[in-house]
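Chemist: Residues per chain are reported as follows:
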Amino acid sequence: MSDAGKAGLTPYARSLGITVHDEEHGAPVLMFDFGGEVEGRPGHLHGGATSGLLETAAYAILRNELARLGRKHRLKPINITVQFLSAGKQRPTYAKGRITKLGRRNANIAVEAWQDDRDRPIATAIMNIFMTDEDR
Amino acid sequence: MADQTKHPEPGRSNPNRFDPSRAAPMLLSHGHAGWLGLEYCGHGADWVELKLPWREDLLGEDDHEVLASGPIISLMDMASGLCIWTKMGGFNAIATLDLRVDYQRPARERAAVFGHAECYRLTRSAAFVRGFAHDGDPDDPVAHIAGVFMSIGGDPRNV
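Chains as they are written, first to last, in the UniProt record's numbering: chain A, 1 to 136; chain B, 1 to 159.
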């Protein structure tokens with residue numbers, strides 16, 4: 001996978017094989033392929049790997065939006081709640097976030113992950129993120 | 001050796017009973033858990049503690065030597081599964097329904113993170129788990145979690 005597809009991702013996200021698949025109206029669509037690094041019970045995605053993709057997609061859209069607004073912050077996670085809707089299979093998995101609230105100090109982001117059928121997400125998450133001054 | 005204790009630890013009284021100390025090396029050796037390098041630390045009747053070793057390629061930021069939060073979700077999900085099987089006394093297929101992680105603070109630089117999960121209630125269909133992650137001092141956690149898991153014994157295709 002090209003390095004360009006990994007720009008702006010954390011070492012953890014790059015290591016897990018997450019890449020930027022596409023961008024839709026400023027929202028990055030992230031993905032990873034099925035492989036040993038993301039496998040839970042045999043033949044299925046591990047919920048932790050799916051959560052990592054969801055969380056990375058939440059950060060990605062927030063970073064994009066802050067850059068668009070010319071705002072510089074250090075991001076700190078407050079919490080994440082993940083709903084697991086169906087078992088992930090041996091296929092590529094995609095995730096995209098949507099900013100539901102962007103304040104001065106905190107953001108609330110909803111994320112969905114899907115495989116074959118975008119209208120049937122395999123997992124969703126809500127994440128709250130603090131935005132502090134960059135030098136702190 | 002005969003077991004004379006009146007309140008034997010799980011796994012001691014019945015060789016078929018799920019024992020996380022014996023099952024962990026197998027369960028943690030492959031797939032996502034193996035990739036993260038999760039290790040067994042300890043367990044009780046309804047809890048399990050695992051370790052997520054510090055590793056450079058699991059960092060949350062390029063310029064900070066702090067573990068990302070993503071692997072901590074995986075750590076807690078895995079510790080949750082193990083504590084449920086420990087409380088059940090057997091290895092039954094379960095699926096995570098809902099998992100919430102509240103991050104109190106980042107882990108320290110180059111610190112391993114330990115995940116302690118407790119199954120506080122088990123019903124026929126659901127398992128309720130709470131837990132915390134710490135980086136050496138259990139009294140100063142880096143995160144707390146709450147999760148609900150579902151038994152998928154019959155037909156895993158429907159999950």
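Note that these hints are calculated values from the structure, not bench results. Backbone N, C-alpha and C fix where the C-beta goes; we use that ideal spot for every residue, glycine too. A few of these clues could be false.
Chain A is faced by these chain B residues, among others (derived, beta-carbon under 10 Å) [what the hints assert, rightly or not]:
#1 Asp19
#2 Ser21
#3 Arg22
#4 Ala23
#5 Met26
#6 His32
#7 Glu56
#8 Leu58
#9 Glu61
#10 Ser74
#11 Met88
#12 Ala93
#13 Ala95
#14 Arg110
#15 Pro138
#16 Pro141
Chemist: Give me the numbers of the hints this structure contradicts, sorted from smallest to largest.
Modeler: Hints 1, 2, 3, 4, 5, 11, 14, 15, 16 are the ones this structure does not satisfy, whereas the remaining hints hold.
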